[in-house]
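The primary structure of each chain is shown beneath.
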Amino acid sequence: MTHAHDHHHHDHDHSELSETQLRVRALETVLTEKGYVDPAALDLLVETYEKKVGPRNGARVVAKAWADPAYRARLFKDATPAIAELGYAGRQGEHIVALENTPKRHNMVVCTLCSCYPWPVLGLPPVWYKSAPYRSRAVSDPRGVLKDFGVTLPKDSEIRVWDSTSEIRYLVVPMRPEGTEGWSEEQLAELITRDSMIGTGLPKSPKDVAR
Amino acid sequence: MNGAQDLGGMHGFGPVEPEPNEPVFHAEWEKRAFALTLAMAMPADWNIDMSRFARENRDPAEYLSMSYYQIWFAALESMLKERALVADDEIEAGHALHERKPVPRVLSSDDVLNVLHRGGPTERDTNTKASFKPGDKVRAKNINPLTHTRLPRYVRGHVGTVERVVGCHVFPDSNATGAGENPQWLYTVRFDGAELWGVDGDPTTQVSVDAWEPYLEPA
Chain A
1 MTHAHDHHHH
11 DHDHSELSET
21 QLRVRALETV
31 LTEKGYVDPA
41 ALDLLVETYE
51 KKVGPRNGAR
61 VVAKAWADPA
71 YRARLFKDAT
81 PAIAELGYAG
91 RQGEHIVALE
101 NTPKRHNMVV
111 CTLCSCYPWP
121 VLGLPPVWYK
131 SAPYRSRAVS
141 DPRGVLKDFG
151 VTLPKDSEIR
161 VWDSTSEIRY
171 LVVPMRPEGT
181 EGWSEEQLAE
191 LITRDSMIGT
201 GLPKSPKDVA
211 R
Chain B
212 MNGAQDLGGM
222 HGFGPVEPEP
232 NEPVFHAEWE
242 KRAFALTLAM
252 AMPADWNIDM
262 SRFARENRDP
272 AEYLSMSYYQ
282 IWFAALESML
292 KERALVADDE
302 IEAGHALHER
312 KPVPRVLSSD
322 DVLNVLHRGG
332 PTERDTNTKA
342 SFKPGDKVRA
352 KNINPLTHTR
362 LPRYVRGHVG
372 TVERVVGCHV
382 FPDSNATGAG
392 ENPQWLYTVR
402 FDGAELWGVD
412 GDPTTQVSVD
422 AWEPYLEPA
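Chains as they are written, first to last, in the numbering used here: chain A, 1 to 211; chain B, 212 to 430.
Don't read these hints as lab results, they were simulated from the structure.
Possibly wrong hints are sitting among the right ones.
With a straight-line cut-off of 20 angstroms between C-alpha atoms, the simulated PhoX-like cross-links for lysine-lysine are [unchecked claim]: (1) A:Lys130 - A:Lys147; (2) B:Lys344 - B:Lys312; (3) A:Lys77 - B:Lys292; (4) B:Lys344 - A:Lys34; (5) A:Lys34 - B:Lys312.
A few chain A residues that face chain B, going by a derived Cβ cut-off under 10 angstroms, partial list only [to be verified]: (6) Val46; (7) Ala67; (8) Pro69; (9) Ala70; (10) Glu94; (11) His95.
Since the model is a prediction, treat every value here as computed from it, not as a measurement.
Every residue gets a Cβ at the ideal spot worked out from N, C-alpha and C, and that includes glycine.
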């Protein structure tokens, strides 16, 4: 994809506007002049997904599920209200299902048709999640995809891939690492990466974070 | 439609390349294209299935050569033009040139957080009974509509097992064309890797899709 190039280009040469940049700016001006959009609403939409909603939300959910058995039971029974208990709800997370990783089963989430992703708990998806390499291979060669992420699972571990073809959104609950007995939810949350909640990664090892 | 968006099982795209410390947006225009798309759904009154179709309904070569937000922006332009809310000459000029068309509502900054928090739930009440139950064997129908569908090609014709009856949900195939929500029973259907990919499949892999009842037949 062209993203890496765009990124470099835009970061280092702000004076030269690409055709797309100019067109987006032109359209925003037209829509604002016509009174169809409120520029302050646009700013708030950007700020919300750039600064407020992101994978730390999901990490809080998973940490609570690791630390609190009653919460864990509620989360696997009906994730949407359980996640709403922590204040996370709404757009692209109207119907959430939590998926339990076990020693025998690893879950991995994809949207082969577009980019469906549980926004309230993970924020907006990274470029790789929306890219052709991931969307094409996650369903046919999940072990190969995991290798791209440096993850190797035991051979007898079953891989279950969830293609998000409806408005149901999936959140992977990875296994709690050993050696974290007695950790607080805040400490546990530090171990939980975005990719471990998509299923393309594993939580950090307790050794990797300073307690 | 059998477009380039339906990527499951294709070969040749190379490895997945995660970007370390990736920013949420990679350029200012991506932020604006994202926000404009969300904000315009209210005055323009389109639904998520219409916007998905607007994104996938393009030359496959073009789809695959565009970045994600380029596709979003192209779809935004085409949906606005279809509804005569914006014309090409206005985008060229960078100013409004034609009379404003009345719209039902505009998203104000005061509404943003409430609208996001409310979202757009798709579950609907129904008097109908679900035809399938967990454990039932079902075949994904061989359908090839020119319009929007959420049944990926790689499962069509294959037999899977109903894992869960999700509920009755808005049917994208109808919703995308403006034919109404036409809610249908939705199921999580699980397929074995070997059923989908034959001898080239990984026997330790299972893949599920969420499939509406019109996509399925008993097997």
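Against the structure, the hints:
Under the criterion of a C-alpha separation no larger than 20 angstroms, the hint pairing lysine 130 of chain A with lysine 147 of chain A is consistent with the structure, at around 18 angstroms. With a C-alpha separation of about 48 angstroms, the suggested pairing of lysine 344 of chain B with lysine 312 of chain B is violated against the 20 angstroms cut-off. Between lysine 77 of chain A and lysine 292 of chain B the CA atoms are separated by roughly 44 angstroms; this puts the pair beyond 20 angstroms, and the hint is violated. For the suggested pair lysine 344 of chain B and lysine 34 of chain A, the alpha carbons sit about 51 angstroms apart, so the restraint of at most 20 angstroms is broken.
Restraint check for lysine 34 of chain A and lysine 312 of chain B: satisfied, since their Cα atoms lie roughly 8 angstroms apart, inside the 20 angstroms limit. Interface restraint check: valine 46 of chain A against chain B, minimum CB-CB distance 4 angstroms, threshold 10 angstroms, status holds. This hint is violated: alanine 67 of chain A has a C-beta 26 angstroms from the nearest C-beta of chain B, more than the 10 angstroms allowed. Hint on proline 69 of chain A is violated. Least Cβ distance to chain B is approximately 23 angstroms, over the 10 angstroms limit.
Given the 10 angstroms rule on beta carbons, the hint for alanine 70 of chain A is violated: about 23 angstroms separates it from the nearest Cβ of chain B. With its C-beta approaching chain B no nearer than about 4 angstroms, glutamate 94 of chain A sits inside the 10 angstroms limit, and its interface hint holds. Interface restraint check for histidine 95 of chain A: the shortest CB-CB distance to chain B comes to about 7 angstroms, inside 10 angstroms, so the restraint holds.
Against the hints set out earlier in the document, violations occur for numbers 2, 3, 4, 7, 8 and 9.
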